[in-house]
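Peer 1: Letter by letter, the chains look like this.
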Amino acid sequence: MTVFLKTSHDGELMVDHRASPGFTPEQARYFGFPPELVGEGKQMHAPTLGCPHCGSHVVLNPMRKRPRAHCLQCNQYICDICDQVRSESGYVHRNMKEIRDLLATGKWQMRGTMSKPVLVPKTGE
Amino acid sequence: MAKRVFSTQAVLGGLNTLGSAATLATFMDLRMNASQATAALLDILEVLLSGTASASNIGGYFLTRASTLSTGAGTALASPNSDGGELPSISALGNPVTAAIQFATTQPTISSATTDAKLNLGFNAFGGIIRWNAAPTQQWQMAGLTASGAESVLSNITGGGAQAGATANAHIIYEPY
Numbered sequence: 001m002t003v004f005l006k007t008s009h010d011g012e013l014m015v016d017h018r019a020s021p022g023f024t025p026e027q028a029r030y031f032g033f034p035p036e037l038v039g040e041g042k043q044m045h046a047p048t049l050g051c052p053h054c055g056s057h058v059v060l061n062p063m064r065k066r067p068r069a070h071c072l073q074c075n076q077y078i079c080d081i082c083d084q085v086r087s088e089s090g091y092v093h094r095n096m097k098e099i100r101d102l103l104a105t106g107k108w109q110m111r112g113t114m115s116k117p118v119l120v121p122k123t124g125e
Numbered sequence: 001m002a003k004r005v006f007s008t009q010a011v012l013g014g015l016n017t018l019g020s021a022a023t024l025a026t027f028m029d030l031r032m033n034a035s036q037a038t039a040a041l042l043d044i045l046e047v048l049l050s051g052t053a054s055a056s057n058i059g060g061y062f063l064t065r066a067s068t069l070s071t072g073a074g075t076a077l078a079s080p081n082s083d084g085g086e087l088p089s090i091s092a093l094g095n096p097v098t099a100a101i102q103f104a105t106t107q108p109t110i111s112s113a114t115t116d117a118k119l120n121l122g123f124n125a126f127g128g129i130i131r132w133n134a135a136p137t138q139q140w141q142m143a144g145l146t147a148s149g150a151e152s153v154l155s156n157i158t159g160g161g162a163q164a165g166a167t168a169n170a171h172i173i174y175e176p177y
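Chains A and B supply the protein sequences, listed in that same order.
Just so you know, we're using the numbering used here here: the first sequence kicks off at 1 and counts up by one.
Just so you know, we're using the numbering used here here: the second sequence kicks off at 1 and counts up by one.
Don't take every hint at face value.
[Stated by the list, open to error] Partial chain B-side listing against chain A, Cβ under 7 Å, derived: (1) S56; (2) F123; (3) I129; (4) N133; (5) Q138; (6) G160; (7) A164; (8) G165; (9) Y177.
[To be verified] Covered stretches of chain A, as calculated for chain B (at least 3 residues, CB under 8 Å): (10) 5–15; (11) 27–34; (12) 49–57.
Hints were generated in silico from the structure; no laboratory data involved.
Cβ coordinates follow ideal geometry from the N, Cα and C atoms, glycine included.
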């Protein structure tokens, strides 16, 4: 039996400045890294994950204290934007695979955003 | 197909600008071969850059798409640069992709489109190392024979304090299929 852990879906970003001056805090922020982990003498290991709802690719900030969202229907991590959107009225749960399958039928067109897609039947074509 | 490794030494460092043609021999490029079926796909699975600068230099490296494809044949790689299969007998399988650091006619235009993906690989090239390894199903993909999906470019991009002295050796692990 194959056992899947939550970390089975992880990729990895490794930034090694142990033998380097690294980034200044300003440079780190420009490149989107936590300044505490990419300065002189620092090494950053951060998992990366894909959001099954919107398809985005997220570098998980190791310094983050707030909890991350988990979709029980997908049994996977989802990104913060999709987490917020799923509590809005009218939200319909669809992951990327379901959306792709629906669009592939040629009977639907997608509007809205990737986090809150609105699938509309094609008519008059 | 099977996995391949495209590797360079002392190529990366020179700055390139988004929206402009890259300067030859300052980038690592993968381009789908025009003779291939449009259904050909390629996954980029890992990128590693190890800095070789002799003083502190910020490398603003990004993996980007090409908004205009390069033209002409890819100039054959010269040692120590290389592109080969992880499986020793892979040469019999052929490769639907050109791995090059320069092209005979024009170089790729690095996409500045906000709708094209860019993978941030910034680091300090004075002793620094950065490695990105794709999560399952989150690999960087190339597809088709037209821009921007058919060509991807790894280079040091102007802006944010990126410096031309941020030289680096690098490898890209990829799999065409």
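Peer 1: For every hint, state whether the structure bears it out.
Peer 2: How the hints compare with the structure:
With 7 Å as the threshold, the beta carbon of S56 (chain B) comes within range of chain A, its nearest partner Cβ sitting at about 4 Å, so the hint holds. At a threshold of 7 Å, the smallest CB-CB gap from F123 (chain B) to chain A is about 6 Å, leaving the interface hint in force. Given hint, I129 (chain B) at the interface with chain A, holds; its Cβ is 4 Å from that chain's nearest Cβ, closer than 7 Å. Look at N133 (chain B): its Cβ gets to within about 5 Å of chain A, closer than 7 Å, so that hint holds up.
Here the hint on Q138 (chain B) is kept, as its CB sits about 4 Å from the closest CB of chain A, short of 7 Å. With 7 Å as the threshold, the beta carbon of G160 (chain B) comes within range of chain A, its nearest partner Cβ sitting at about 4 Å, so the hint holds. Given hint, A164 (chain B) at the interface with chain A, is violated; its Cβ is 16 Å from that chain's nearest Cβ, farther than 7 Å. With 7 Å as the threshold, the beta carbon of G165 (chain B) stays out of range of chain A, its nearest partner Cβ sitting at about 13 Å, so the hint is violated.
The interface hint given for Y177 (chain B) is violated, since its Cβ lies 19 Å from the closest Cβ of chain A, which is over the 7 Å cut-off. Figure legend: the region 5–15 of chain A, annotated as covered by chain B; annotation consistent (8 residues with Cβ-Cβ distances under 8 Å, at least 3 required). Figure legend: the region 27–34 of chain A, annotated as covered by chain B; annotation consistent (5 residues with Cβ-Cβ distances under 8 Å, at least 3 required). Remark: the region 49–57 of chain A is confirmed as covered by chain B, as 3 of its residues place a Cβ nearer than 8 Å to a Cβ of that chain, reaching the required three.
In summary, the structure is inconsistent with hints 7, 8 and 9 from the numbered list given earlier, while agreeing with the others.
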